[in-house]
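Trainee: Letter by letter, the chains look like this.
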Amino acid sequence: MKSGKSWAWVTFILGAAYFFIPLIATMEFSMRMKRGEYSFEAYRVVLGDPRFQESFTFSVVAAVFTIILGVLLVVPTAYWIRLRLPQLRPVVEFVTLLPLVIPAIVIVFGYIRMYGSNSPLPFLSSDIGTSALLVIGYATLALPYMYRAVDTGLRTIDVRTLTEAAQILGAGWTTIISRVILPNVLIAVLSGAFLTFAIVIGEFTMASLLNRPAFGPYLQNIGANRAYEPAALAIIAFVITWGCMSVIQVLSRFAPKSANRPN
Amino acid sequence: MTDISLSEPAAAGKTLPPAQARAARLPTQWLGVAPFIIFALMFLILPTLYLILGAFQNADGVFTLENILELAQPTILAAYWISIKVSVASSLLGAFIGLAIAIAIVRGGLPNWTRSATLTFSGVASQFAGVPLAFAFLATLGRLGLVTVLLRAVGFDLYQHGFNVLSFWGLTLTYLYFQIPLMVVIITPAIDGIRKEWGEAAATLGATQWQYWQMVVIPVIWPSFLGTVILLFANAFGAIATAYALTGSSLNIVPIVLYAQIRGDVLHNANLGYAIAFGMIFITGLANVFYIWFRTRSERWLK
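Each protein sequence line maps, in turn, to chains U and Z. Per the numbering used here, the very first residue in the first sequence carries number 1; after that it's consecutive. Per the numbering used here, the very first residue in the second sequence carries number 264; after that it's consecutive.
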């Protein structure tokens, strides 16, 4: 190992340099707004910008709805596949991986052509409908991550025994999923939720093509028109991503304790 | 759905029920996945099929190969070419660099904190894409970026030496920021899967270090490595936000051409837009068929 150590250190340090220099540079750039001194002026300007607040709020709300939709869609499905339709698992897994194959821009292009104002389902004819379509689009983007997180969570619990116990106690399907299964995979669901949040919050393509006042298009707009604010926004976005990932890491530490492994 | 009895599912897996019984039960069983299937059809599969079908039709809905053939015009071909170049370069470089980092933190004898720090950071950086990433690289390697300015101060002008962040290499270097971490995140478990005993066993049998790598390590990690390369390729190929925010439309990769087409029909042919979308699905689809194939092969080793 001794002889191997030096190359490992070199690799590690080069990697660290590649990843930290842009962060340092961005930080430095974001603080250059006032001539001749470092200041947080750019952050003050950005955070005080009403368009920042509006677009950020819009994206947070969209993310929350995306998470709700994703949970409603994925938890019962993954549960049911585990319990009753294991032969369908490859199909469902394939479908959940499709958003990695089909680029977001293609999916949203399909929406625009399929759900226009003179289609049977005119999502795009109203603002609220378009926002709903955006949330739906985000839910498809998050599908691979959400499904994997939930399915991993379900693997750690004994779905069949829990279901039978609940049924013996007289619980219906809604009760079983919401009060027995969901609490048991809550940590997995939350991991998926925070990952979804990180993906959705700054998403550009779908929001821009659906003309929604989301954070991603706002970022792009600021990037095209300002000098120092984009750097500040990049740091803010990095901090948000970091926050989401840290929460997931902390959650994963609790995961094995909360779930009883079968056998 | 409440009328489904309890004991059946346990038995269903082991003893095959009579064909009739299965047929009778199937509809209620399927209700459980119906919302998911309907959602996937409406918002994932049908919109995609709509575009694919549109790619093979003219404006009057008649079948034609014209749109596909029209993809061969120089601007569109160039767009595909630059997209493929950036995706291949960033996925291969990202894969090899990511692999080197993963090997360094797992097998390099580094202190433990380097491993957890690298994995945590990789988790974050692999999701740090899109518009903010473009900002970060403009602040680093743009004309006024810190690295550009510092290098100029020591007498090396990047931009006079042909570098431009708004170029093929600029974009590739930027994409590496999420490609390398993604590789690290995915490949580290595979490297963990290489047991120490294998090295000892190989050494006992008289294998040299090189033979051990060539005949044990590489065959074991090869499928998941190649699989991840393909995932990285698709990841870069479909990305638009970073490139758009970084280069505006000065570097015409396919997603940017498609974006402009959706916004304003710049090609003056709606069905040609469908054909571009079809071309993108075709390329990422082809890559992912390989990915799925390699993943199933690599899973055999990781268990």
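A hint or two may mislead.
Not everything, but these chain U residues come out facing chain Z in the computed CB check (under 7 Å) [said to hold, decoys possible]:
id, residue
1, I13
2, G15
3, R84
4, L98
5, F109
6, Y111
7, F238
8, I240
9, M245
10, S252
11, F254
If you are wondering where the hints come from, they were derived from the structure by calculation, not from laboratory data. Glycine is no exception: its CB is placed at the ideal position from the N, C-alpha and C atoms.
Trainee: Take the hints in turn and mark each one as holding or not.
Mentor: Hint check:
no., hint, in the structure
1, I13, "violated, 10 Å"
2, G15, "holds, 5 Å"
3, R84, "holds, 5 Å"
4, L98, "holds, 6 Å"
5, F109, "holds, 5 Å"
6, Y111, "holds, 6 Å"
7, F238, "holds, 6 Å"
8, I240, "violated, 9 Å"
9, M245, "holds, 5 Å"
10, S252, "violated, 10 Å"
11, F254, "violated, 17 Å"
Consistency note: the structure conflicts with the earlier hints numbered 1, 8, 10, 11.
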